[in-house]
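As they're listed, the protein sequences go chains A and B.
Okay, so the first sequence: first residue is 1 according to this note's numbering, each after it adds one.
Okay, so the second sequence: first residue is 1 according to this note's numbering, each after it adds one.
A couple of the hints might just be wrong.
Examples of chain B residues toward chain A, derived with CB under 10 Å [unchecked claim]: (1) Arg31; (2) Pro227; (3) Glu229; (4) Tyr230; (5) Thr240; (6) Arg241.
No wet-lab data here; the hints were simulated from the structure.
Predicted model only: the values in this text are computed from it and were never measured.
Just so you know, even glycine gets a beta-carbon here, dropped at the ideal spot from N, CA and C.
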Amino acid sequence: MSQIALHHISKHFKDITALDDVSFTIQNGEFFVLLGPTGAGKTTTLRVIAGLERQSEGDILFDGQSMNGVPPAERDIAFVFQQYSLYPTMSVYDNLAFPLRSPMRRTPEIEIKPRVEKAAELLRIQHLLERKTARLSGGEMQRVSIGRAIVRNPRIFLMDEPLSNLDAKLRESLRVELKHIQKTQTSTTLFVTHDQIEALTMADRIGVLREGKLIQVGTPTDIYDRPATTFVAQLVGTPRINLHKAFRENGTLHVQESTVQLPAPSGSLPAEFMLGIRPEDVLIAPDGALSGEVVLVEPLGVETVIHLRAGAQTFICVVSGISHYRLGDQVRFDVIRERLHYFDSNGQRLAL
Amino acid sequence: MTATTPRPTFEQSGPRLPVVESIRVDRVHPRARIAGSVRATLAIILSLISLIPVFWIVLTAFKTPTDVTAIPPKLIFEPSLTGFVSLLSDMRLLSQAEQEERSQQPDLSWVDQIALQIGRAINGPSQYARQLGNSVIIAGTSTLLSVVLGLLSAYAFSRFNIPAKGDLLFFILSTRMLPPVVVTIPIFLMYRSIGLHDTHFGLIMLYTVFNLSFSVWLLKGFIDEIPREYEEAALVDGYTRLQTFFRIVIPQARTGIAATTVFCLIFAWNEYAFALMLTTQNARTAPPSIPSILGSGGIEWNTIAAGALLFLIPVVIVTFALRQHLLRGVTFGAVRK
Ligand SMILES: Nc1ncnc2c1ncn2[C@@H]1O[C@H](COP(=O)(O)OP(=O)(O)OP(=O)(O)O)[C@@H](O)[C@H]1O
Ligand SMILES: [Mg+2]
């Protein structure tokens, strides 16, 4: 296991900039998640680290040692690809054994067998070992390709959306499984996803990528509680954060086109800004200072999402369990003032 | 309004549109079934029609010269090996007296007896066996070379950033645009002056060059279809480019390799004009030899048919051995993209 560092990595494909001055460090044994929408450059980052793509600028360091120009085989990496990449002409067993049989490692067969079997057991694919991979279902294929990574003990695991093709239930159980494997083996892992729930639940630290730029790096709590930009604030958390234009007037915050007014915080705020309120920070209370009308109720079982209209703006709030609110109800509510998020007109977080 | 939709009965529950081809649906619409059998019948009829010449060659090869020219043509006759014997041996005509004398000899071998039936005696083996051998050597080696070289360059064209890739590929293809006959004379003169005339190597090189453009293009099509992810996965798993090529690419390109092999083999095996011009004795292949079997007396159709039959067999064997790869190979890959 190793510490992996990216120093000012840029990658251009002709006139497309896939990565733009990306720097971060993954500590030994850390589970680092790269989160970003499609086309953000997540796969490109992994490919550059693996050596499948040569960066246009910058350095890749493994334990402080430069990896520039080192061929993929010598980097000692395990890569779970976004598309299935199981060798179609081989059985599942041979697929799992393939990295161990490589001329770089030359593991004796008696050593391969227990390792393959252990990986198969962890991923619950023991019964598939003799099968040809073309006959597997999507979920089975994905588990085999994860298996091909975990039979080894590489310097780093690179996983490119390994759970994206699975159904919700399997995804959830594999998420727990992967996290567990990672923690027990203390393996350094770089996990790529566009799913914020995967990122929040699995990561030690998250890096948010957008259009090739790394916007914020931090623990899930950092990212959720102190999003660096409106983009990050909207990317994490379901239901989405309430984000509204607001302005300051005589010590009061007004949400534009809305009846919502709040006392201004102590710090210095520009006259116009964006106000972010997490749905769970909107509390329905009989003695609340604000009022609105229920315009939509979405019961999810564990919680219910309620859309409140105050003026022309709608605020989303969540209450736990099934709620008794009906469409058209007039309710009073409050917001937790210490937990408001302020962003300037460019979307950058304002520290107060 | 509660309009109860009638529960579909068992008969109604099959697919509503005719399922024309399916492996999973157990109930095939009757219309689709009829269409399927019509199609199968048509396919069988068409293949029978195209097999008629082959069938006739086989019949003729086993006829005696009198049966061949019989009118109306005989479908049922006593098979004879006369054609094959005269094909593979060099014979002379016997006079009436000699024939009678020979028929008295008790120790005549079965070949001699067959020769005697058509009034001849055997001098020795003919050139044809040797020429067939030449065909095997020349077509086999040039096919092997075309496929191996083609595979390597197709892989390079498919996977690497080669400067002026498009131009190079076009150049390779353009060698096919010239009708080969146009260059026979210049090549004949060149070959004669550099000593390649009537050599195995000369023909092998020529056929390889001709086939290479075809094999590069065909194989590139197949390799393009193999996702790069497989190779990248193997590279990350600790294999070098070359090992990846052998362990990942070749197994997946089997279909393409089989199809290319058969096409190259058929070209090299059937090639006539160059073989006729560039060889005389030593390296002469079978195609230019078959017409020269014509015979000294009348046209010996049974001998020619025997020659053609022997000539067909090797290609049939190879094609048959590769048939399971071929079917997919001919229908996919080459045509797409
Ligand atoms: N080989 C390539 N040639 C040209 N452009 C490329 C290449 N690979 C990636 N790109 C571009 O780089 C950008 C980032 O791509 P990348 O595959 O890294 O995105 P991603 O974050 O993995 O997206 P997704 O979530 O859809 O997988 C995209 O705009 C993509 O079109
Ligand atoms: Mg990707």
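Results for each hint:
| no. | hint | verdict |
| --- | --- | --- |
| 1 | Arg31 | 32 Å, violated |
| 2 | Pro227 | 7 Å, holds |
| 3 | Glu229 | 4 Å, holds |
| 4 | Tyr230 | 6 Å, holds |
| 5 | Thr240 | 6 Å, holds |
| 6 | Arg241 | 9 Å, holds |
The earlier numbered hint that this structure contradicts is number 1, and it is the only one.
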